[in-house]
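Top line first, the protein sequences correspond to chains W and Y.
Numbering-wise (my numbering), the first sequence opens with residue 159 and increments by one.
Numbering-wise (my numbering), the second sequence opens with residue 18 and increments by one.
No wet-lab data here; the hints were simulated from the structure.
Small disclaimer: the values here were computed from a predicted structure and weren't measured.
Treat each hint with caution, since some may be false.
Claimed, not checked - Covered by chain W, per the in silico footprint, the following chain Y stretches (three or more residues, Cβ under 8 Å): (1) 50-61; (2) 134-145.
What the hints assert, rightly or not - Partner residues are not named here, just some residues of chain W that face chain Y (Cβ under 8 Å, in silico): (3) Asp181; (4) His194; (5) Gly197; (6) Ala198; (7) Leu203; (8) Leu209; (9) Met218; (10) Ala221; (11) Glu225; (12) Thr226; (13) Ala230; (14) Leu232; (15) Thr236; (16) Gly237.
Idealized CB from N, CA, C, for every residue including glycine.
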Amino acid sequence: MSSDLGWPVRRGAERIRGAGPNDVVVVSGTGSHAAHWNGATWVALPGLAALDPGATFFTMGLAVTPETVALAGLSDATGQAIIYRGTR
Amino acid sequence: MKRQPKLFIFSIVFVIWCLQSCPTAPDSIPEPGTVSIVYTNAAEVWLRVQAPDSTAAGLRVYRGEHLVADYATPPADTVVIDTGLTPRTTYIYSTMRVQSGAETAASEPVPVTTLPTTSHHFTWTVDTLGTAGSYLRDVAIVDEDDIWAVGNIETDSGRYNLAKWNGQRWLIEQIGPVGNNLYGILAFTPNDVWVTNFCSPYHWDGREWTYFRFSSAGVGVDACAGSGIWGPNPMDIYFAGDKGNIVHYDGNTFKQMASETTDWIIDLFGTGPTDVWAVTYAEYPHSNTVRHWNGKLDRTVAVQIWDFPPVRTDTTGGTLDQRIRDRRCNFSWLCVGIHLGARGADGSAHDVQRSRLASPAGG
Chain W
159 MSSDLGWPVR
169 RGAERIRGAG
179 PNDVVVVSGT
189 GSHAAHWNGA
199 TWVALPGLAA
209 LDPGATFFTM
219 GLAVTPETVA
229 LAGLSDATGQ
239 AIIYRGTR
Chain Y
18 MKRQPKLFIF
28 SIVFVIWCLQ
38 SCPTAPDSIP
48 EPGTVSIVYT
58 NAAEVWLRVQ
68 APDSTAAGLR
78 VYRGEHLVAD
88 YATPPADTVV
98 IDTGLTPRTT
108 YIYSTMRVQS
118 GAETAASEPV
128 PVTTLPTTSH
138 HFTWTVDTLG
148 TAGSYLRDVA
158 IVDEDDIWAV
168 GNIETDSGRY
178 NLAKWNGQRW
188 LIEQIGPVGN
198 NLYGILAFTP
208 NDVWVTNFCS
218 PYHWDGREWT
228 YFRFSSAGVG
238 VDACAGSGIW
248 GPNPMDIYFA
258 GDKGNIVHYD
268 GNTFKQMASE
278 TTDWIIDLFG
288 TGPTDVWAVT
298 YAEYPHSNTV
308 RHWNGKLDRT
318 VAVQIWDFPP
328 VRTDTTGGTL
338 DQRIRDRRCN
348 FSWLCVGIHL
358 GARGADGSAH
368 DVQRSRLASP
378 AGG
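Isolated chain W (complex conformation) (with noise of 0.2 Å):
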C-alpha cells in the first residue's frame, strides 16, 4: 500500500515519530508538508502547509503524543525559528 503524498524532500531532514501503530507522523524537510498515519491511511495535512504556502519552513525536530504534535525547525525566508503546534 502506497499513497503518493507529492511534495518535495529536502534529503537529510526528514523525521517521523508517532504517539503509537495508529497515530504517526511523517514530515517533509522543507515546505511545511505532513502526513498522519491514523492505522489505516496516510493523509497529508493541509492545513500546515496552508500557513506556509511560501513553502520556507524547514524541518528539523518533531514530536507527537496523542493530543499534540509538534514540528521546530526554521524559516528560510527569515531565518528565524519556528514552531508549528497541532492539536486535536
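Add chain Y to chain W, keeping to what the hints say.
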C-alpha cells in the same frame, strides 16, 4: 496333502486382496500448527504461524471461517499478513492441518482486536522565535501546555538554546555556556528532562541542570554521544553520536555500548527497551543506514542500507524474532522513514509507503 495346495492358493489370493483392500492403520495425525500475534494496527494483523512438522501435512490459516493462507507444504515458521480489516474489531485466528484433503488438528484460536483509528484533524498554531540566525533542532512534548525545544535562538538580548511553552507563551533560557549548541531533547515529566549538546547530556530535575560530561575525567565514559537521545523510561536512556558512539544510562550509571559502526549516529528512536532504532550517516561513501538493536544482542544489526538511489536491502541474519521485527517495521514509522530517506535525495516528489523491509513469507 490334497488340502495344502488349496490353502496355499487361498493364502496367496488373500494376501493380494488384502494388499488392495484390507483396511490400513490411519496416518498419524500431524501436530497442530500455532498462531500468535506479531503486530496489529487498525487495518492489518501480522501473524506468526508455525508448523512443527512442516512436511507432514498442509496448513491453512483462518480468520473466523475466512481462509487467509493455504500452504500445501507449510514453512516451519513464517509471518502471514491479513489486510483490509475493520478498525476496532475483534477477529479470531486459527490454523488447521490438512491431510489427504481433510482438515484436522486445529490450533488454539487466538483473538485479536484491531486498533481504532486516530483523528487526522489538527488545529495548527505557528510560533516564531528569535531573529535571523535562529533555528530549533529538536522538540519534546510533556503535554500540550508543556513543550520544550532546543536549538539556537538569537535575540536582541543575547543567544539562548532552550525554549519552553507553558501554555501561554514561550520562555527562553540558556543551558551551559553561550555557544553551547543543543542537538536533542527527551522529556519524561516536567521535572525529568534531558538535553544534549553534540557530545554530552544535561539533565533537569525540576530544580537545576546537571551536566554529565562524557569523558574519562567526567562520568567515565570517553565517547562523544549527543546527536540523538531516546529512552523508553528514565531508567533506560540511549545517547548516540559521532563515530558510532552509543552510551546507555540505567538511571544510575552511564555505560558505553558496542555499536558495530563508526558512522555518525544522527537520530535514535524506539518503541521499547528491546526495540531501538538508529539512523546513521557516512560521508565517504555517502550513505545512510538504519540500524536496529533488539536488546537481546550485544550489538546493533544493520537492517536496511541505501544509496541515492537505489534502495538496497540488506539481508538480515539473527533470530527469527529479529527478522519478524525487521519485517513488521515496528509501529510503521520506521518503514516510512526508510522510504523517505531512500527517495529524498533528488528532492523530487515521492511516495510515502508503509512498506515492508522484505516480503514476508506467505505474505
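* Restraint check, 8 Å cut-off on beta carbons, for Gly197 of chain W near chain Y -> Since the shortest Cβ distance to chain Y is 3 Å, the answer is holds.
* Does the CB of Leu232 of chain W sit less than 8 Å away from some CB of chain Y? -> The hint holds - Leu232 of chain W has a Cβ within 8 Å of chain Y, the shortest such distance being about 4 Å.
* **Satisfaction of the Ala230 of chain W interface hint, Cβ to chain Y closer than 8 Å** => Interface hint status for Ala230 of chain W: holds (4 Å vs cutoff 8 Å).
* So, Glu225 of chain W near chain Y? Judge it on the closest CB pair being under 8 Å. => 5 Å, holds
* Asked: Would the hint on Gly237 of chain W stand, with a C-beta cut-off of 8 Å toward chain Y?
  -> 4 Å, holds
* To do: Have a go at the Met218 of chain W hint: is there a Cβ in chain Y nearer than 8 Å to its own Cβ?
  => 5 Å, holds
* Within the region 134-145 of chain Y, is the number of residues with a Cβ closer than 8 Å to a Cβ of chain W three or more? -> Held - the region 134-145 of chain Y has 12 residues with a Cβ nearer than 8 Å to chain W, which meets the minimum of three.
* Asked: Was the hint right that Leu209 of chain W lines chain Y, CB cutoff 8 Å?
  -> 5 Å, holds
* Using Cβ atoms only, decide whether Ala198 of chain W comes closer than 8 Å to chain Y, and label the hint accordingly. => Holds - the Cβ of Ala198 of chain W comes within 8 Å of chain Y, reaching about 4 Å at its closest.
* Interface hint for Asp181 of chain W, Cβ within 8 Å of any Cβ on chain Y -> 4 Å, holds
* Is the interface hint for Leu203 of chain W satisfied, with its Cβ closer than 8 Å to some Cβ of chain Y? -> 6 Å, holds
* Are there three or more residues in the region 50-61 of chain Y whose C-beta lies closer than 8 Å to some C-beta of chain W? -> As far as the region 50-61 of chain Y goes, the hint holds, because 5 residues have Cβ atoms under 8 Å from chain W.
Consistency with the previously given hints is maintained throughout, with no hint failing.
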